[in-house]
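Participant: Given next are the chains, with one letter for each unit.
There are 2 protein chains.
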Amino acid sequence: MRQLNLDLDEKSYPIYIGQDLLSNSELLTKHIAGKQVMIVTNTTVAPLYLDKVKALLEGYKISEVILPDGEQYKTLDTVNTIFSALLEVRFDRSCTLIALGGGVVGDMTGFAAASYQRGVNFIQIPTTLLSQVDSSVGGKTGVNHELGKNMIGAFYQPKCVVIDMDTLDTLDDRQYSAGMAEVIKYGLLGNIEFLEFLENNIDGLMARDKLLMIEAVYQSCLDKANIVAQDELEAGKRALLNLGHTFGHAIENILGYGVYLHGEAIAVGMLMAARLSQSEGFLSADDINRVRGLLENANLPSTIYGKITPSDFMKSMSVDKKVIDGNIRLVLLRKLGDAFICNNYQDILLDQVIGEFCLTT
Amino acid sequence: MRQLNLDLDEKSYPIYIGQDLLSNSELLTKHIAGKQVMIVTNTTVAPLYLDKVKALLEGYKISEVILPDGEQYKTLDTVNTIFSALLEVRFDRSCTLIALGGGVVGDMTGFAAASYQRGVNFIQIPTTLLSQVDSSVGGKTGVNHELGKNMIGAFYQPKCVVIDMDTLDTLDDRQYSAGMAEVIKYGLLGNIEFLEFLENNIDGLMARDKLLMIEAVYQSCLDKANIVAQDELEAGKRALLNLGHTFGHAIENILGYGVYLHGEAIAVGMLMAARLSQSEGFLSADDINRVRGLLENANLPSTIYGKITPSDFMKSMSVDKKVIDGNIRLVLLRKLGDAFICNNYQDILLDQVIGEFCLTT
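So the protein lines, in turn, are chains S and E. Residue numbers 1 to 361, in this note's numbering, belong to the letters of the first sequence in order. Residue numbers 1001 to 1361, in this note's numbering, belong to the letters of the second sequence in order.
Hint data in this document are derived by calculation from the structure and do not stem from the laboratory. Just to be clear, a hint being listed does not mean it is correct.
On the chain E side, residues computed to face chain S include the following (Cβ under 10 Å) [what the hints assert, rightly or not]:
#1 Leu1087
#2 Asp1092
#3 Arg1093
#4 Gly1148
#5 Met1151
#6 Leu1233
#7 Val1319
If you want the ones that stay clear, here's a sample from chain E, every Cβ over 10 Å from chain S, calculated [said to hold, decoys possible]:
#8 Asp1051
#9 Gly1059
#10 Tyr1073
#11 Ala1229
#12 Leu1349
Note that the Cβ used here is the ideal one computed from N, Cα and C, for glycine as well.
Can you build the whole structure from these sequences, using the hints too?
Facilitator: Below you can see the structure in the form of structure tokens.
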């Protein structure tokens, strides 16, 4: 088992990464203060791992909520069903919530934990590659609103994150690829050595070689933890983690959640950011080919499949959270492995890139 | 104008108390960072003060949400209407929310500010006595759930609190008395000199003498600010502020919000806490008469009007937030002006007090 820590003073917490961790009771119980534990999971993950996690919690008062599976259920209404479940069993401020599932379960459980009785403890057990390398680490929690993605939420840190690589055995190929998009992101935005590691080992990673996967997840979490430790509330550097996300959210928003998986939309979004970086003179055509090649080797899309007009795309981008006083901030690449936040790109170049990708429908 | 500060390191903020403050533009604008301002108010307060506040904000992009008035609307659904309004005008993370109204408006606006885009700035302009001395100070925000009061929320501090005593001119007598219950609470729980001041000046206070009111509000806010500064997240001492609240919430919960005003229910709850303190040997019969007398002079109820059975009362108390691992913690009085948190009261004495008050129906 490998371990790293997210360093946030009194809110610091460990991230455990390894195989067969869901047989290790102590990893969980040493982070549970009271006796009441609510496991929040979904209809897909419950049959696979719920009993396994419950077996680790002998002596606790265990309750569970099984949510429907899918980004379309990441709403305030669904979070309210978690509140109802907690109140029905009369759980108090000493209770602990465990998020068992992918990013949607983690985001909602975290927000429920942040808001139930103004804050109770929670633990993340992410079971998808995407949530293991991204949403389970760093304390961003929340839900979607019909007018925008992740518009409602809280910064709220878990007590620990338990990443059992064995849970990826049950992940389908498309979900696995979607997770790989966020892994690739860490290479692109700040770690050229890691990008090269991914390029050199993409076949083994796609074949789900466990040692390579552990290395990739560990490095992704380490990079994210370092950035979050410097900027928990996204006042600055943390925004780099949004590479590809402003574009990607627009794709998800317009086509509707579920047409593209989040990681797939982000893959296209990263390529769009790279293309704009090229137009601005930062990246070469070779760089673009490397990005496109790696995404394609990870079986990720590099074009938009679906009808989107450039004007709809722009409109959707302008309600993203990265907008400050009306100005859309974008994460661009100065070179591969070196991202920066850009406010002064040329609008016409952005229009061109959007036009190019919207034309591929 | 009097000013005091709630000292919470980088989250510290000023509380302004005085007359005619809603003519002072700078009090607000120096605490607004961006250009987007959303005023949240309700149908009762909007006709009285909305234009006045808007007039202070020349040069800003102002939007407004006018909520229905009443505790029964303090729900997640209503908060969602604030999110919708913010998204419809595309307000971003630089926006500021202003809560203009009583405790319900303040609690919901604060929770909306805590959760919109994971946290934006907000300002409290409390227009009822209750919210001026209680809910607007200290950062407790949230909404009710059908299974319990204030069960969903966040600790989230405003950038400033502007308490204009002139807004109390439009407050009806019943609401004014309800606010006085929380003022009396500060005397009872930790400040015997203030309790005596209230006893000596209750007639002038009930006649709304402005100088006496400013003194009472200032002292209440000061006492609260001192307690919150020591214990923002209610790990210890802050729980003393719940004097009467576990009892009072049970009354509100069973009879339904709106039958008793919050302050009225807390008045009865404080008397119940005092009676239990007497049964436990802490207070004398004279002490009880002083508490009852002061509440009655403030035109507050000292009995439960409405059908409540003792078993319903106990059941309702046991879902309050002050329950830890199944044990109901109560705030009792060691003497007048000296409250403490009690876990080891005798259950039979609690039953007797509940029986006594439920019999008065």
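Participant: I'd like to know which numbered hints this structure contradicts. Please list them from smallest to largest.
Facilitator: Of the numbered hints given earlier, the structure breaks none, since each of them holds.
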